[in-house]
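> Given chain A, put chain B in place with the hints provided.
Protein sequence lines, in the order shown, are assigned to chains A and B.
Counting with numbering that gives the first Met the number 0, you get residues 0 to 198 for the letters of the first sequence.
Counting with numbering that gives the first Met the number 0, you get residues 0 to 198 for the letters of the second sequence.
Treat the hints as calculated values from the structure; they're not laboratory data.
Don't take each hint at face value.
For identical chains, the list gives no copy identity; a pair is met inside one copy or between any two copies.
[What the hints assert, rightly or not] List time: in silico SDA-like cross-link candidates among lysine to any residue, alpha-carbon distance up to 25 Å:
hint, residue 1, residue 2
1, K13, S48
2, K47, V88
3, K7, M32
4, K39, H113
5, K39, Q12
6, K147, S177
There are 2 protein chains.
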Amino acid sequence: MRKGEQTKEYILQKAAQLFNERGYYGASMSDIMAVTGMEKGGIYNHFKSKDDLAVQAYEYAVDLMRQKFAAAIKGKYHAVDRLQAVVVVFREITDGSPLTGGCPVVNTAVHTSHTHPRLHASAQETMIEWQDFIRRLAQLGIDRQQLKPDTDVEMLTTLLISTLEGAIMLTQLHQDDSYMDRAIAHLTDYLQSLALPES
Amino acid sequence: MRKGEQTKEYILQKAAQLFNERGYYGASMSDIMAVTGMEKGGIYNHFKSKDDLAVQAYEYAVDLMRQKFAAAIKGKYHAVDRLQAVVVVFREITDGSPLTGGCPVVNTAVHTSHTHPRLHASAQETMIEWQDFIRRLAQLGIDRQQLKPDTDVEMLTTLLISTLEGAIMLTQLHQDDSYMDRAIAHLTDYLQSLALPES
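Chain A with its partners taken away, still in its complex shape (with noise of 0.2 Å):
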């Protein structure tokens, strides 16, 4: 990588972290200037303004969500293996990876409704591409036969989303872990009576 792409690259890092914690409103570039440790100008030489630097943290932050949700379910066969893989993912949100600050997605979705259109549009663009990621690993776990054939794909997409956003909200919220620990036993429960038993 060139030494240019790399400060873009550090500034992102840092710029997402910052934007996922206090909301696009609430850093501001003398904010991103003391966690990069630039000058403004060292700053726009790579970013037009706060608003380009703000969409391009978010697109790098989600990147990094897609990096791991496909790192998760690698040389995993069964849908119910996958499936926990992803809650898995959802968990280590609490855990501050990627990002500390709780769920991108949902971060960017409360800070921009009704502020920022183009922003708020990216995080309802991801949610639906999160939300296929999961419909079609239970899809395919009904068509290799590995789900109940009358699995409500829909129904489990909705649960699993759900439930874990809210219950990263309520770690988030009260810095305890253990009510993603509930979330996520109820959700493994959930998905083995989705199993159906080894032929």
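Okay, now just chain B, sitting in the frame of chain A:
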């Protein structure tokens, strides 16, 4: 109510709505002047600062929710009926009641995390209050032999709030009630599975 109190309540109502949608940093005093149709001086007759207004507007929003929860369980005796009534109050958030823009507690939690410790602590306190409320309804249901004696009260509380708050987020993000419908269908089955048959 005296004229001054009426004006104060009018400002609180408008500001609570605005802060719920835009967050503390996304809503400026100019925005508050625009939604109230009042001059800055008129607003500052009733509130010391934007901060003071935001804190009181949040308490106003939480009080609307508190009244809704109290009204929802009124006249109901069975724990399952009461918990279902609580679920309906959460559903109504997605219908814009008492405020449009989603759950004021989660919105405030996300909007003020890392940026406004006072408001963030308020969101935390409200969530603790809601958890206690659900926990007490469940525990009373066990004591009255309406719910199975081995009902896991903490699990029930976490699942109810996580699933509903997550589903509110999805329904808000996609402007699609089906997320909330599925979450409620699942929670209804769950609550009914905890009920003891009438003796």
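> Against this structure, judge whether each hint is valid.
Each hint, compared with the structure:
1. When the C-alpha separation of K13 and S48 is checked against a cutoff of 25 Å, the pair qualifies only within one copy, where the shortest distance is 16 Å, while the shortest distance between copies is 32 Å.
2. Proximity of K47 and V88 under a CA criterion of 25 Å is satisfied in neither setting, with 33 Å inside one chain copy and 45 Å between copies.
3. Taking the shortest Cα distances, K7 and M32 sit within 25 Å of each other inside one copy (13 Å), while across copies they are farther apart (40 Å).
4. In this homomeric assembly, K39 and H113 come within 25 Å of each other (Cα to Cα) only across copies, at 23 Å, whereas the closest approach inside a single copy is 28 Å.
5. In this assembly of identical chains, K39 and Q12 lie within 25 Å of each other by CA distance solely inside one copy; the values are 16 Å within and 39 Å between copies.
6. In this homomeric assembly, K147 and S177 come within 25 Å of each other (Cα to Cα) only across copies, at 23 Å, whereas the closest approach inside a single copy is 30 Å.
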